[in-house]
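Enquirer: Order-wise, the sequence lines are chains A and B.
Taking this note's numbering, the leading residue of the first sequence gets 9, the next gets one more, and so forth.
Taking this note's numbering, the leading residue of the second sequence gets 566, the next gets one more, and so forth.
Every beta carbon over 10 Å from chain A, so not counted as near; a handful from chain B, in silico: (1) Ser680; (2) His684; (3) Arg692.
In silico DSBU-like links for lysine-lysine, alpha-carbon gap of 30 Å or less: (4) A:Lys434 - B:Lys758; (5) B:Lys567 - A:Lys255; (6) A:Lys255 - B:Lys616; (7) B:Lys758 - A:Lys316; (8) A:Lys113 - B:Lys616; (9) A:Lys80 - A:Lys113; (10) B:Lys780 - A:Lys255; (11) B:Lys602 - A:Lys434; (12) B:Lys616 - A:Lys80; (13) B:Lys770 - B:Lys691.
Note that these hints are calculated values from the structure, not bench results.
Everything numeric in this text was worked out from a predicted model, so none of it was measured.
All C-beta atoms in this analysis are idealised placements derived from N, C-alpha and C, irrespective of residue type, glycine included.
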Amino acid sequence: MPAYQSWGRYPPASHDLVVPIRWRHELPDLAALPSPMLAYGLGRSYGDSCLNRNGTLLVTDALDRVIAFDEKTGVLRCEAGASLAELQARLIPRGYFLPVIPGTKFVTVGGAVANDIHGKNHHLRGTFGCHVLRFELVRSDGTVLECSPDDNEELFRATIGGLGLTGLITWVELRAVRVASPFIDHETIRYHTLDDFFALSEDSDEGYEYTVAWVDTTARGHDTGRGLFMRGNHADPAHHKLPPIPKAKERSFPIDAPSWFLNKYTVKAFNALYYRKRFPPHIHEVVYQDPFFHPLDSVLHWNRMYGKRGFLQYQCVVPVGDGGAAIREILERIAASGLSSFLAVLKMFGDVESPGMLSFPQPGVTLALDFRFEAQRTLRLLDTLDDVTRGAGGRIYPAKDARMSPQSFDAYYPNWRAFAEFIDPKFSSSFWRRVTEGLQS
Amino acid sequence: MKKVMIIGATSAIAIEAAKVFASEGASLFLVARHPDKLRAVADDLRSRMAKVDTLVGDVNDFHEHEGAIAEADRSMGGIEGVLIAHGTLSDQQKCQEDVDEMLGEFSTNCLSFLSYLTHLGNYFEKRGAGCIAVITSVAGDRGRGSNYVYGAAKAAVTTFLGGLRNRLHKCGVSVVTIKPGFVDTPMTAAYEKGPLFASAESVGKGVYRAMIGGKNVVYLPWFWRGIMCGIRSMPEAVFKRMSL
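Make the full structure from the sequences, and use the hints.
Expert: In structure tokens form, the structure reads like this:
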């Protein structure tokens, strides 16, 4: 398999030209490079939004330096290829934290802006883009623009959540937040029904910085939506005796697993065990931030678990005005299909508005799932989930998509035509060509 | 090792070694040719808790070497370790066609090292402690048709270091010869990356360990010692027929 795939490794792609970018003062002449081009950071997007089949990739992972950090204000400026892991390593010893932390820390800050990522505190803090103060955008015609809510405001809003299509982001300035400690005082509560999940969310969203639930996708009928609800806050050293910051341990999933490794039986067994045995009904403990936010990061290359054919993610958000009927329908369709998801995450989004034009989060409940790629079987199931999501006025997350139809995209993001005005004429991606194919622009 | 001077500080291997020194809270004095790149590297290292001072200089300005060492000494209050990491991967074809090109490459990859090492040898001999680490290359272990100008320059530096190590051993100064194999850096950007390629990060960490450990000759990664032993032991009658 060629280098520069997406994290789900589906669809596979090859690129005609790969241009590493190492210095922000020594950028390649974009006007002279063949179109279409796209920035590629650490390749943690799941589907094809980080791919540019038969095109040019501008690889930014070496453009990873911190430019300045103001310890008084928490304002951090860094190059676009810096990983959130690297930023956290600088912020934590100084008493700061990134305002929004996704499920993996191995994403670049440029990718965090381009996908306007969210985390377990969306209900209070909104998306990553809400905390971006300014960034530099280099267009293929050679213009270099500083974008902020005050300067080049439209490009600022188009680039946040703009899937890398508006040009090359070279640096980003954001505001970090002061925290009581990098430890999380958290509870895990076993709950039995979807209504329990909504009740727990309602109770917790005000008093807890971080909330999320793991959901058992194999459960059916009355058990639909059962799972483990997790909520937490930064532990206050005045109330807890905190241990020193632990050293990171890294393990790696060594090889591609055979394609049967995660099948319906192993997943069902895992889900049942995780739900019943892993935890007592209610636990309360203080843990370091890393295992709380990034349990999967401790196993590098965990995507190999799904074998060479890769896997598909599906993350939707649907409004909850219907009392959760849509999300229940989605969970029931998954359980009935027999294609269970190894990891399924449920969370209530809040109503903090992002500046991003094409941002994914909207108020409602979001569900993230992953499925081993089993050709038509998996694709058909996800199409039926789209029917529900569309019907409910929801949408799905481009960073995790490899298969939605142009019609679905058009329904989910009706303002994409307005966004398209800001796309750099020499930039494109496999995702963008796929979801706009055949649509009237 | 808390006071480290790095020459060629914007090279990928030097940056990675510097990150490890920075994480230990070291003072660093960085010398490099491009002011913008040098500033970018220095700012990043500062965010990693290092105290950093910089000097813009071209290694081919030999007369500036002594002054650079004096400034590093002043800035950090003495130098405990030095890493020389600059270099260019010579265009062998151009060097064969153009004597000036060949001499220029030899100046950058050999003479500038010998000039710095002459001053540093005297500095550390007087000090009676410290570490001089230099990045040469496995290419210096045997001349090959495809890059013998680069290889010869590195071979001369390697031999010079052997002698310097012998001379400075008695006064407690370690001299570390570092021979990386293929490293994935801007220098090798044009090459197809095979399984023998190591990351700059792993090689940079190896450089740090070699300096701290006061090693003599280090191959990075380690398996190059075996590969080069095999290559050196090939009879010239066979070797000259090979296309390498």
